[in-house]
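Asker: If you're matching them up, the sequences are chains A and B in order.
Once you know that position 220 of the first sequence is 220 in the numbering used here, the rest is easy, because the numbers rise by one and skip nothing.
To convert a position in the second sequence, counted from 1, into the numbering used here, add 269.
Worth flagging that the hints you see were computed from the coordinates, not collected in a lab.
Please note that a few of the clues may not be correct.
Listed below are several chain B residues computed to face chain A (Cβ distance under 10 Å; list not exhaustive) [to be verified]:
1) F353
2) T357
3) D361
Rough simulated footprint, nothing fancy, chain A against chain B, three-plus residues with beta-carbon under 8 Å [to be verified]:
4) 314-328
5) 346-352
6) 364-371
7) 375-386
Heads up, the beta-carbon is just placed ideally off N, CA and C, and yes, glycines get one too.
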Amino acid sequence: MSIVHYWRALSGIAGRELLRFLYQRERFVSALVRPLVWLFVFAAGFRAALGVAIMPPYETYILYEVYITPGLLGMIQLFNGMQSSLSMVYDREMGSMRILMVSPLPRWFLLCAKLLAGTLVSILQAYVFLAIAWAYEIQPPWQGYFYVAPALLLSGMMLGALGLLLSTFIRQLENFAGVMNFVIFPLFFMSTALYPLWKIKESSEILYTLAQYNPFSQAVEAIRFALYQQWNWTALAATAASFLLFIGAAILGYNPSKGMMVKKGGGGD
Amino acid sequence: MSVAALTVTNLSFAYGEKKALDRVEFSVAEGECAILLGPNGAGKSTLFALITRLYDTRQGEIELCGFSLRKQSLQALARLGVVFQQTTLDPDLTVTENLRYHAALHGMRRKTADARIQEELERLAMFDRRFEKVRFLNGGHRRRVEIARALLHQPKLLLLDEPTVGLDAPSRQAIVSHVHELVAEQHLAVLWATHLFDEVAAEDSLLVLDKGVIKGRGKLESLLAEHQAGNVADLFARLTNQGAKR
Chain A
1 MSIVHYWRAL
11 SGIAGRELLR
21 FLYQRERFVS
31 ALVRPLVWLF
41 VFAAGFRAAL
51 GVAIMPPYET
61 YILYEVYITP
71 GLLGMIQLFN
81 GMQSSLSMVY
91 DREMGSMRIL
101 MVSPLPRWFL
111 LCAKLLAGTL
121 VSILQAYVFL
131 AIAWAYEIQP
141 PWQGYFYVAP
151 ALLLSGMMLG
161 ALGLLLSTFI
171 RQLENFAGVM
181 NFVIFPLFFM
191 STALYPLWKI
201 KESSEILYTL
211 AQYNPFSQAV
221 EAIRFALYQQ
231 WNWTALAATA
241 ASFLLFIGAA
251 ILGYNPSKGM
261 MVKKGGGGD
Chain B
270 MSVAALTVTN
280 LSFAYGEKKA
290 LDRVEFSVAE
300 GECAILLGPN
310 GAGKSTLFAL
320 ITRLYDTRQG
330 EIELCGFSLR
340 KQSLQALARL
350 GVVFQQTTLD
360 PDLTVTENLR
370 YHAALHGMRR
380 KTADARIQEE
390 LERLAMFDRR
400 FEKVRFLNGG
410 HRRRVEIARA
420 LLHQPKLLLL
430 DEPTVGLDAP
440 SRQAIVSHVH
450 ELVAEQHLAV
460 LWATHLFDEV
470 AAEDSLLVLD
480 KGVIKGRGKL
490 ESLLAEHQAG
500 NVADLFARLT
510 NQGAKR
């Protein structure tokens, strides 16, 4: 197998994901509406209730809307990651996952390519959101828009890998509601997406610890610092480590001999 | 003689305690159409899951054109074309987009891919529908697209897992005769799982699978003579009844 084969396969998988995304306009709109509602309604309401002190990477007092913007970028990627986990379950039910798996490329590569394709879609959504936020006067330095790209890539891959891992456990489409309740909500609410760590510490020590070690917090912080032209190395390293952990487990899960496929009897009779 | 397109040796598989395949052995040569007949639950889908590497072979060996599926899986899979029982096309994409995706997975150049897509679609009289979304195609046409897709990368072995289920009589007939033409003209090896007796042609080989065990294999005519059966249905009943008595 040549490098060119890998490259063609990767562009094929990414191209398919982008086409699917463009054809499903309602998916695009709903992916944007969710964080925008949080920005326009929730954040506007909380602006008065929550004061955010000066803290890195911010150099001045900021509005609450500015604070939660990186968290909402994380939210876009979190939902996207889980949605592609849903699409994996759906694909497997529909059988197109089998078409992917039967192609003559290593399985780890196929899964990573699928992950990267989903992440590119989430980055696209994130930039559209940032453009709307800019019009709403949430305007980080222009260089931040470049800095944030690698952070979004890493966090998107990490959250996508988490979704991929979950898809090895989920057998049916209906179980996605469980993912919402037990994965998406806890990850999002127990993180620094909505409140800074010190604020959480004021109210609960346990929540503080959970939020600190939550991989989603680390992803959000990596995005937050990058948006203001800084690299938060701790957050980036923690996100990368979580990515490796999740993708490793997911590849194991999709391994034909060790994984869940046999236990679940995914092949028919 | 050249290497067989598919060789299955001493293949067993179990889901926990439940045995799905028990020491299955057969081969399919180039230019041979082997029909795998078996009732529901006979182990056909398990066999296909093993040949397509959804599960790993634990006991026994599967070789495609001399390449071991376990040790040289990528070379082996490159020679395999599959039509799964459930439809595996993306309904939101057009016929061409679906086929290009498959071509990319096989590392084909865009130009080569487009030429192959045209060739295969024309052969199946689907070229005019290439820009239509799969969602708007009927079951028979979707199947044709899936067959075209399975042949794009010019495999040596074509696996068909009950491809005619749910199709009307003319669509079924069209697929049966198309596949037999491919075998005759291109020396393609075909393994076709079905439970419909009328899909078996006189020149086909037959593999009768029941409860995970091969109950009969060979050319249709010689099997009919050997078991003194008048037709495929009769032969099938005799072979599977023998199994029940044992």
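Asker: Confirm or reject each hint.
Answerer: Evaluation of the provided hints:
Satisfaction of the interface hint for F353/B is found here, the shortest Cβ-Cβ separation to chain A being roughly 5 Å, below the 10 Å cut-off. Among the interface hints, the one on T357/B holds; its C-beta lies about 4 Å from the nearest C-beta in chain A, closer than the 10 Å criterion. For D361/B, the shortest C-beta to C-beta distance to chain A is roughly 5 Å, which falls under 10 Å, so the interface hint holds. Against chain A, the region 314-328 of chain B contributes 10 residues with a C-beta closer than 8 Å to a partner C-beta. That satisfies the three-residue criterion, and the hint holds.
Residues of the region 346-352 of chain B with a Cβ under 8 Å from some Cβ of chain A number 4, which satisfies the need for three, so the listed coverage holds. Figure legend: the region 364-371 of chain B, annotated as covered by chain A; annotation consistent (4 residues with Cβ-Cβ distances under 8 Å, at least 3 required). With 4 residues carrying a beta carbon less than 8 Å from a beta carbon of chain A, the region 375-386 of chain B meets the three-residue requirement, and the given coverage holds.
No hint from the list above goes unmet by this structure.
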